[in-house]
Structures are given as C-alpha cells and as structure tokens.
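**Student:** Chains as they are written, first to last, in numbering that gives the first Met the number 0: chain R, 0 to 227; chain U, 0 to 227.
Worth double-checking, as some hints may not be accurate.
Cross-link-like lysine to aspartate or glutamate pairs, in silico, EDC-like; alpha carbons within 20 angstroms at most [stated by the list, open to error]: (1) R:K188 x R:E221; (2) U:K69 x R:E221; (3) R:K65 x U:D60.
Derived list of chain U stretches under chain R, where covered just means 3 residues or more per stretch with a C-beta under 8 angstroms from a C-beta of chain R [to be verified]: (4) 128-137; (5) 166-172.
Computed beta-carbon distance windows for the label pairs [what the hints assert, rightly or not]: (6) U:N163 x R:V212: 56 to 66 angstroms; (7) R:G189 x U:I58: 49 to 59 angstroms; (8) R:S43 x U:E181: 20 to 30 angstroms; (9) R:K1 x U:E221: 29 to 39 angstroms; (10) R:Q51 x U:L176: 52 to 62 angstroms.
Just so you know, the hints here were simulated from the structure itself, not pulled from any lab data.
All residues carry an ideal CB built from backbone N, CA and C; glycine is no exception.
The chain contents come next:
Protein chains: 2
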Amino acid sequence: MKKTVIILSGGLDSTTLAYYLKDKGHKLYALTFNYGQKQKEEISAALTITKQLKISHKIADISSVKDLLKSALTKSDIKVPDGHYAANNMKSTVVPNRNMIMLSIAAGYASSIEAENIAFAAHGGDHFIYADCRPLFVDTLNQALIASFYDDNVKPLIIAPFSNFNKTDIVKVGHTLKVPFELTWSCYKGGKKHCGRCGTDNERKEAFRLAGVPDPTEYEDETGVFRG
Amino acid sequence: MKKTVIILSGGLDSTTLAYYLKDKGHKLYALTFNYGQKQKEEISAALTITKQLKISHKIADISSVKDLLKSALTKSDIKVPDGHYAANNMKSTVVPNRNMIMLSIAAGYASSIEAENIAFAAHGGDHFIYADCRPLFVDTLNQALIASFYDDNVKPLIIAPFSNFNKTDIVKVGHTLKVPFELTWSCYKGGKKHCGRCGTDNERKEAFRLAGVPDPTEYEDETGVFRG
Chain R
0 MKKTVIILSG GLDSTTLAYY LKDKGHKLYA LTFNYGQKQK EEISAALTIT KQLKISHKIA
60 DISSVKDLLK SALTKSDIKV PDGHYAANNM KSTVVPNRNM IMLSIAAGYA SSIEAENIAF
120 AAHGGDHFIY ADCRPLFVDT LNQALIASFY DDNVKPLIIA PFSNFNKTDI VKVGHTLKVP
180 FELTWSCYKG GKKHCGRCGT DNERKEAFRL AGVPDPTEYE DETGVFRG
Chain U
0 MKKTVIILSG GLDSTTLAYY LKDKGHKLYA LTFNYGQKQK EEISAALTIT KQLKISHKIA
60 DISSVKDLLK SALTKSDIKV PDGHYAANNM KSTVVPNRNM IMLSIAAGYA SSIEAENIAF
120 AAHGGDHFIY ADCRPLFVDT LNQALIASFY DDNVKPLIIA PFSNFNKTDI VKVGHTLKVP
180 FELTWSCYKG GKKHCGRCGT DNERKEAFRL AGVPDPTEYE DETGVFRG
C-alpha cells in the first residue's frame, strides 16, 4: 500500500483528490497549512473531512511567515477582488511561491514517515493564473527533491493526478466517488456562507453547472456566475 | 545594486557570506529561521551580526513545523552525537529537506521585495553528509523557481558562492574581510560556550587551525580536534 502525504486545504479540489486516492488504495496522511489565510473556514472544513475519511491529519502552522509574503489572501489591508478569475484581477491572490513552500514542508514530513508520495490538487484551470500549478513546476521540483535526498532515504515524489483536469472534471469525479461537497470550503472571503461573488466561488458555481451536478453549497449571493 | 535575501543562521559560514556579499556591493536582507533548533544561541548571534552589518533582518518562525520533521537537531529525545563529522554518526543531524524549506520561503520573501537573489552558505565540506548542500540541488531548485513564477514577476534565483569552498577557505576569506568570528555560533548543543566536542565544533576548530587563523571561540573543551 502506497503511503501518501496529501496537502488538504479543505477545498473542493484537494478533498476530491483525497477521496480519489483513497479509492485507489493509498494510505493517506493529510497535511493542512495554516499560512495566515483569512478564510479559517477552510481549515475547519479540512478537519471535518479527514474525520469522515478516517485518515491521519496534521496542521502545519506557518502563519508567522505571512508577513514576509505579499498577497490579498493573507494581508488584511489588501481587498480580495470580486469577479471571475482572470490574470488582471486575480494577481493579488497569488501568495508568492506558496506551493513550493507547502510542498517542501510536505516532502520533509513524507521523508520522516517514509511516505513515497506527496499529492497535491493542482489542476489545469489554475495554470493561467498560478505558474506554480503547472506540470513544468511539478516536474522541476521533483528533480530538486531527488537531489535533496541521498539514496538511503525514501525519496518522496510529488504527484498531481488532476493536473490535466479542469474543475468541471473534478466535480464529475467527486460526484462518482460520493464526495461530501457540502463540507468543502472554497470562498476566499470567509464568513458563515460562501459569498458567491469572489473568483473562486464563481469558479465553483460554474464547475457544478457545467458538470451537470447539483451544487449543495449555500451562497450569500445565489445568482449565476458573476462576471464582475 | 543587487538586492539579495541572505539566509543567515548566525554561524560562521553564513556570517562570512554576509560580509562577503556586502563587500561585493549587494544590498542585503537577512532572513533567519527559527525551526525549533535546540541552539537558540544561533539566532541571538544572527541578531548581533545584522546590527553590526546595519542590514535589514527578519526572523521566520517555522518552529511549529518541527514536530513533522525527524532530526536530532530539533527533537529533545534524540541525542546530538559527539565526534567528527562522518556519514554514520551525523545522519541524525539531518533535518529532512531543511534547505528546500528555507529556500522556498526565502524565495517567496525575495519575490515580495523584488530581490534578484537568495544567497545561502552551502559549502563543499557539507556535501558528503547533506545532499541538499550540493550544486546539483541548487541548480535543480533554481529550475523549479523559474517555473514557479511567471515572467512579469522578478524571479529570484539562488546563489551559493561558497559551494566550491571548504570551511578552511571560508575562514581565510572571513579573516581577510575582518569578520567578527567571535560573534558567530556553531555548536549544535547549545550552552554559554561552544561545547568543543560536537561535529560542528570540531569542524570549526579544524578550519581555524588549517587556515592558520587564530580561533577566538571559547570552548568548554579546549583540546584539539576530537575524533570521537
């Protein structure tokens, strides 16, 4: 049985990935990062999900690092933009080098517990905005991981099974695997309900609509995809 | 003037690197990691040194991550071995993937302040024990960094100017640059004075002796290089 550390945000993508890998027989070790994100709901969602999955779960608190990094997702004086994902308005949601930071810590953890894989839920729809979701990034970082460990250690390697999926594909896969989508959290703004207006909520609404799967999410703004 | 984030531990190597780069005209931004190391003296040393150098200094606290990572340097129930560096007895001092973790956070910081370089003091003497001090590691991680950022960001790249030096060479360079070696901290054990018996202290003693430079360090054990 493959041991796999999975970076689990509590969002729709990484939750579906956890169900997908469990279905494929991986023994999962979930790792959730508190990087000072405004939406604490994400972390609570992750905790609920790993209880449902009955898998190991650790929280890595790197929130003290947030003051070093410039992004609307961590700084309270930068406003999260409304509207649909697009390079111009979503630039401020890029936490610089976030994936490399999370993956390098996950790799240290994987090495400690002798897990072969680190799984993360990068998908095709992210590539346009986030350079560090591309297959090129995963491939080059794996080369660095191979160099980072000597042969007598287990060398954990990154896998990104959804890298050629878009979010609609992920919703379809999750629906088949009976993922409890209602427990996942996407909204960048934080609150009791998903706002329904930020980039990630619009993407979520659209994915369910295009997948033809009922969307169980409660939104403040229940209207259709908001184009800003 | 080149802007450079330097990973400064407060040890002999990174302190000498700071003086070396300042001498070459870099505008330095020191970054010190608290990764839960036992030797807090290192961090105090780093603070004293950046005051002397009159450069910016930030501390990145990733100590909460230490429970995920298995090493004698961070776990209180694993004993730091005495003796000279050698693969067998020093394996337990390897914090898994430590350099990638520190460099990825430093790269996020560098991107935020638009610095071109991330400098770290890996040197030739480390390669035998620490795979993640080798030029191969630096080169492959730089490829991942190039992939991690889109073109409209400053893409910070790692430099390791001492990668072909051994510790004796570093002492010689530092002596020329009038580095206040007495302010630096090497000992893995922690205490008021350097213990003089752990692997890094032996390496330090030997480097001064081979460089023909007076060693200003106060050791508990002042005897010659201890071969365990």
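**Student:** With reference to the structure, classify each hint as holding or not holding.
**Tutor:** Hint check:
1. R:K188 x R:E221: Cα-Cα ~16 angstroms, so holds.
2. U:K69 x R:E221: The hint is violated at about 47 angstroms.
3. R:K65 x U:D60: Holds - the C-alpha atoms of D60 of chain U and K65 of chain R are around 10 angstroms apart, at most 20 angstroms.
4. 128-137: This one holds; 5 residues, not fewer than the three required, reach chain R with a Cβ under 8 angstroms.
5. 166-172: violated (count 0)
6. U:N163 x R:V212: 56 to 66 angstroms: Because 57 angstroms falls inside the window, the suggested range holds.
7. R:G189 x U:I58: 49 to 59 angstroms: 28 angstroms, violated
8. R:S43 x U:E181: 20 to 30 angstroms: 50 angstroms, violated
9. R:K1 x U:E221: 29 to 39 angstroms: Violated, at about 52 angstroms.
10. R:Q51 x U:L176: 52 to 62 angstroms: 59 angstroms, holds
In the structure shown, a violation is registered for the earlier hints numbered 2, 5, 7, 8 and 9, in ascending order.
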